[in-house]
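Visitor: First to last, the protein sequences are chains A and B. Residue 43 in this note's numbering sits at position 43 of the first sequence; the count goes up by one each step and never skips. Residue 238 in this note's numbering sits at position 238 of the second sequence; the count goes up by one each step and never skips.
In short, the hints are calculated from the structure, not lab data. It is possible that part of the hints are untrue.
Label pairs and their in silico Cβ distance ranges [said to hold, decoys possible]:
{"#": "1", "chain 1": "A", "residue 1": "Arg49", "chain 2": "B", "residue 2": "Asn237", "range": "15 to 21 Å"}
{"#": "2", "chain 1": "B", "residue 1": "Ala102", "chain 2": "A", "residue 2": "Asp117", "range": "33 to 39 Å"}
{"#": "3", "chain 1": "B", "residue 1": "Thr203", "chain 2": "A", "residue 2": "Leu108", "range": "41 to 47 Å"}
{"#": "4", "chain 1": "A", "residue 1": "Asn188", "chain 2": "B", "residue 2": "Gln52", "range": "23 to 29 Å"}
{"#": "5", "chain 1": "A", "residue 1": "Pro53", "chain 2": "B", "residue 2": "Thr135", "range": "18 to 24 Å"}
By construction, the Cβ of each residue, glycine as well, lies at the ideal position given by its N, Cα and C atoms.
There are 2 protein chains.
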Amino acid sequence: MAAPFNSHEGLVPEIREETEERIRATQTTQTEKATLCRQTMTATTFRVRPAQPQDCPEILRLIKVSCPRTGGWGMGKQVPGGGQKVVEAPQELAAYGNSPDAVKLTLLDLLKDGFGDHPFYYCLIAEVPDDAELTGTLTVGFAMYYFTYDPWIGKLLYLEDFYVMEPFRGLGIGSEILKKLSQIAITNRCSCMNFLVVIWNQTSTEYYTRRGALDLTTREGWHLFRFERKELLKMANED
Amino acid sequence: MAAPFNSHEGLVPEIREETEERIRATQTTQTEKATLCRQTMTATTFRVRPAQPQDCPEILRLIKVSCPRTGGWGMGKQVPGGGQKVVEAPQELAAYGNSPDAVKLTLLDLLKDGFGDHPFYYCLIAEVPDDAELTGTLTVGFAMYYFTYDPWIGKLLYLEDFYVMEPFRGLGIGSEILKKLSQIAITNRCSCMNFLVVIWNQTSTEYYTRRGALDLTTREGWHLFRFERKELLKMANED
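With the hints as extra help, turn the sequences into a complete structure.
Guide: Structure follows, in structure tokens:
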């Protein structure tokens with residue numbers, strides 16, 4: 001597999017609880033710092049790499065800060081890494097009338113689901129140097145993906161979420177993430193990469209279309225349907 | 001996991017080659033027989049169970065016979081298990097101007113991808129008694145699924161493909177498959193079940209909507225996008 005991570009090293013439950021508190025407390029500070037940090041950056045100072053278990057607190061922070069919940073699916077896709085509109089992240093959140101509390105996923109879920117024997121997702125993260133951080137880096141973007149299957153053509157790479165913090169856009173971080181995702185797709189014999197975009201998000205649709213993505217909903221009529229938990233419970237218990 | 005299958009028992013490459021030939025040769029015969037067989041069936045004679053490696057030839061036959069290729073995604077969803085329109089399968093194929101040869105997936109792919117150490121898909125199959133078959137049963141439907149991930153709510157069950165042969169519709173096989181899928185979703189702590197439907201397929205959309213499924217494309221604007229292999233190769237090799 002593209003990103004084999006099989007341990008929960010260095011994160012026991014007590015630390016996880018504390019870390020979640022820290023995420024909430026430092027969310028605004030991190031995004032303010034990012035704006036300052038961006039001023040001294042050049043295009044060559046970021047790095048994109050596969051996530052490790054110890055990156056989970058930063059991934060969760062980015063999931064929470066990234067984008068609005070409009071009903072169900074991956075949020076980061078709505079404001080992709082390559083968007084050129086630069087605003088501060090708290091304004092971005094406010095603009096969508098959303099709250100990080102809407103994220104039900106916990107740090108423990110992220111660890112368990114992404115780094116166990118059977119990972120349900122993989123992540124790439126983008127980081128920049130930051131002496132003020134214990135790790136010496138600040139995580140400024142991420143892409144969450146996994147592999148799906150098509151009974152006609154086999155394996156696909158599915159891009160579930162993709163986000164670069166606003167102050168760090170326009171540096172090529174989004175393009176570098178897409179490049180690495182493409183390489184992972186090809187290495188793993190995937191015939192294509194699928195993802196969902198909210199059609200009213202013009203920045204996103206233009207970003208992907210410019211790079212050659214096809215809108216299969218408009219072209220072929222594919223609609224995303226969902227049975228919510230209530231309907232699943234009803235069907236599961238039918239006589 | 002819901003369906004742990006870890007062996008390729010009883011299927012060596014030579015047999016696979018032969019079996020693929022057999023699939024092609026017997027496709028029409030099977031569907032003609034199914035029409036006759038249907039006449040003597042009652043609603044209680046079918047069985048829905050997790051697929052085993054030895055079911056792969058039948059799954060591939062159903063994938064090929066099931067539905068038209070209109071560009072990319074799972075076909076069976078276009079004519080779901082509960083559709084009430086009963087026509088013979090060859091007519092159905094012809095009506096969509098399609099050919100089973102459009103399926104690129106081989107029996108070896110199906111075996112390797114679904115029954116290795118890291119399965120990319122799982123299947124339920126529906127079968128009916130048939131003394132004329134060596135196994136004593138005829139496979140008349142299947143559902144292909146896997147688990148995906150949402151960074152806000154965690155694990156989902158994704159229904160990739162779902163098909164019941166036309167002569168066997170109206171017996172409750174589709175409902176039984178949906179019931180079992182719902183149970184698998186709940187057992188595996190999935191918050192919902194997602195799937196794609198081509199919106200012009202009225203039979204399908206009515207079938208799912210009647211059971212309470214929500215169309216998230218119409219309600220929230222989610223569009224399916226795709227980077228084809230050509231674009232992936234281009235991005236992967238960018239400087």
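Visitor: If a hint holds in the structure, say so; if it does not, say that too.
Guide: Here is what the structure says about each hint:
1. Arg49(A) with Asn237(B): 15 to 21 Å: holds (20 Å)
2. Ala102(B) with Asp117(A): 33 to 39 Å: holds (36 Å)
3. Thr203(B) with Leu108(A): 41 to 47 Å: holds (43 Å)
4. Asn188(A) with Gln52(B): 23 to 29 Å: holds (26 Å)
5. Pro53(A) with Thr135(B): 18 to 24 Å: violated (45 Å)
Checked against the numbered hints given earlier, this structure breaks only hint 5.
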